[in-house]
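Sequences and hints are given; from them, build the entire structure.
As they're listed, the protein sequences go chains A and B.
For the first sequence, this note's numbering assigns the number 16 to the initial residue and increments by one for each residue that follows.
For the second sequence, this note's numbering assigns the number 16 to the initial residue and increments by one for each residue that follows.
Incorrect hints may appear among the rest.
Which copy? The list can't say, so a pair holds if one copy fits it or any two copies do.
[What the hints assert, rightly or not] Here are the simulated DSBU-like cross-link-like pairs (lysine-lysine), alpha carbons at most 30 angstroms apart as the crow flies:
| id | residue 1 | residue 2 |
| --- | --- | --- |
| 1 | 284 | 189 |
| 2 | 199 | 281 |
| 3 | 189 | 60 |
| 4 | 58 | 34 |
| 5 | 158 | 24 |
| 6 | 37 | 26 |
| 7 | 34 | 20 |
Please keep in mind that the hints were generated in silico from the structure rather than gathered at the bench.
Number of protein chains: 2
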Amino acid sequence: MQVIKTAAKMKEASTHLKKSQKSVGYVPTMGYLHEGHLSLVEKAKRENDIVVMSIFVNPLQFGPGEDFDSYPRDVNRDIQLAEEAGVELLFLPSAAEMYRENHAVSVSVNGRTDVLCGRTRPGHFDGVATVLTKLFSIIAPDKAYFGMKDAQQVAVVDALIHDFFMDVELVASKTIREKDGLAKSSRNINLSPIERDQAPYIYQSLQAGAAMIEQGERDPKAVISAVLAHLEAAGGNVEYVECYSYPELKKQDVLSGKIIIAAAVKYSKARLIDNIVLTIS
Amino acid sequence: MQVIKTAAKMKEASTHLKKSQKSVGYVPTMGYLHEGHLSLVEKAKRENDIVVMSIFVNPLQFGPGEDFDSYPRDVNRDIQLAEEAGVELLFLPSAAEMYRENHAVSVSVNGRTDVLCGRTRPGHFDGVATVLTKLFSIIAPDKAYFGMKDAQQVAVVDALIHDFFMDVELVASKTIREKDGLAKSSRNINLSPIERDQAPYIYQSLQAGAAMIEQGERDPKAVISAVLAHLEAAGGNVEYVECYSYPELKKQDVLSGKIIIAAAVKYSKARLIDNIVLTIS
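This is the structure:
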């Protein structure tokens, strides 16, 4: 595995890959790799000649008071895990290069962000879309891999690629979970032991909502109420439980088509999100 | 010359050109072509295998009350002029495709826009940067050609390309002028005969400022005052006369390095801009 630290070197490598007609699968991460990331690498390896991973804790997508400083980091462990997973090129850009002094241009996301995490994290998805625009440009992947745990992020990337006519295919993979159902997340490390025992109830609550829909419930309010009732067992502070069309993230009076039920819960040192996307046929 | 009207067809053509290793020079325009545009085509032809031109009066870069409706248009004449100039591919996208329903993502320009036209045209350069991000993505040019009459636009495109790590080389060409010095502009057609006689004084006034600098003046205020005094002969309403570093567009107390003197004058049905960029050695 080659570790690349500058955009110029990364661009050189991706230009070379394009010329050799190698297909490139790209897994963007913020590091502290877990099985969720590694399953994306696995999928990317199956579908492409070469897998590129980036690790960059993107300051632009953290708001004031959010956990940029306490976001878990362990680059040496990540390098080992990426290599073991079969990543060919690992890109570790610097913040100084991604956001050079006097940088003047950024991406604004004006749709799909007035709900869910977008409501409480203003600017978060602008930061995600800005850094991905840069990274896609440097890496020029054929396919980019994202986990569905961050379903709103997937919806935003879908809009980014379509609105900017980018030559990248978005691949969204199902959420990887612990045995007890808790969605794998780098932030899980920041849960206290008690919170770690409670957190699996987030997914169980969403499953209760999904089960109601499968049994015929079409009123999003009834579904949300049921999820909220179940969520009491999860402890923490419930930030939201919401239900929309997916990936448009539009409110529905009567549930239909592809929809998402999503929740966010704040614990003492970690804010966890999870969701279920299902299609009403 | 091939005329292409959809992004999919244009992308197909540009992918084909990339595969055939043809270099692509791109001239983005809003149409109503004049010698300024055609000189860009000429330059692009000298420096590339294939020249692509686009004509798109971009609604996103016109503010409320600006001249989107009265912006001059004559597509049939433009097609003939482009063909005569040797353009190989003419891209005429639709607003419906460039800004599809529920488009969610745009580019924000946060630097180089708090001065000159950016101050009085809020959102203008966001619109320019957004449409160029889309067009660059669809056309994938090696080089893109812009006229220096729109010097602030050139500065913004420079930032866009660098900040987003785009694979496009910006080529800025000198302003093409009428015999009397008036900068060629599609908007000149909207001047009354009297205004047309007065408008050349814009460039003469800027030249007076440049001459002062060449004779040793280093105080931007003195230069601006002199330009303003000369501008009285230009009629219209002077919107601004400003002087900055270029392309950073930063205020200087003592002029040095590469600098711009720029002016905007509003006539009854046209707002004209012009500038001189010079290097103090």
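To see whether the hints hold, each was checked on the structure:
Taking CA atoms no more than 30 angstroms apart as the test, residue 284 paired with residue 189 passes inside one copy only; the shortest distance there is 26 angstroms, against 57 angstroms between copies. For the homomeric pair residue 199 and residue 281, the shortest alpha-carbon distance inside one copy (16 angstroms) is at most 30 angstroms, but the shortest distance between copies (60 angstroms) is not. In this homomeric assembly, residue 189 and residue 60 come within 30 angstroms of each other (Cα to Cα) only inside a single copy, at 16 angstroms, whereas the closest approach across copies is 49 angstroms. Taking the closest pair of Cα atoms, residue 58 and residue 34 come within 30 angstroms of each other both inside a single copy (24 angstroms) and across two copies (28 angstroms).
Taking identical chains as interchangeable, the C-alpha atoms of residue 158 and residue 24 lie at most 30 angstroms apart whether they share a chain (20 angstroms) or sit on different chains (21 angstroms). Taking the shortest Cα distances, residue 37 and residue 26 sit within 30 angstroms of each other both inside one copy (14 angstroms) and across copies (20 angstroms). In this assembly of identical chains, the alpha carbons of residue 34 and residue 20 lie at most 30 angstroms apart whether taken from the same copy (22 angstroms) or from different copies (29 angstroms).
Checked against the numbered hints given earlier, the structure satisfies every one of them.
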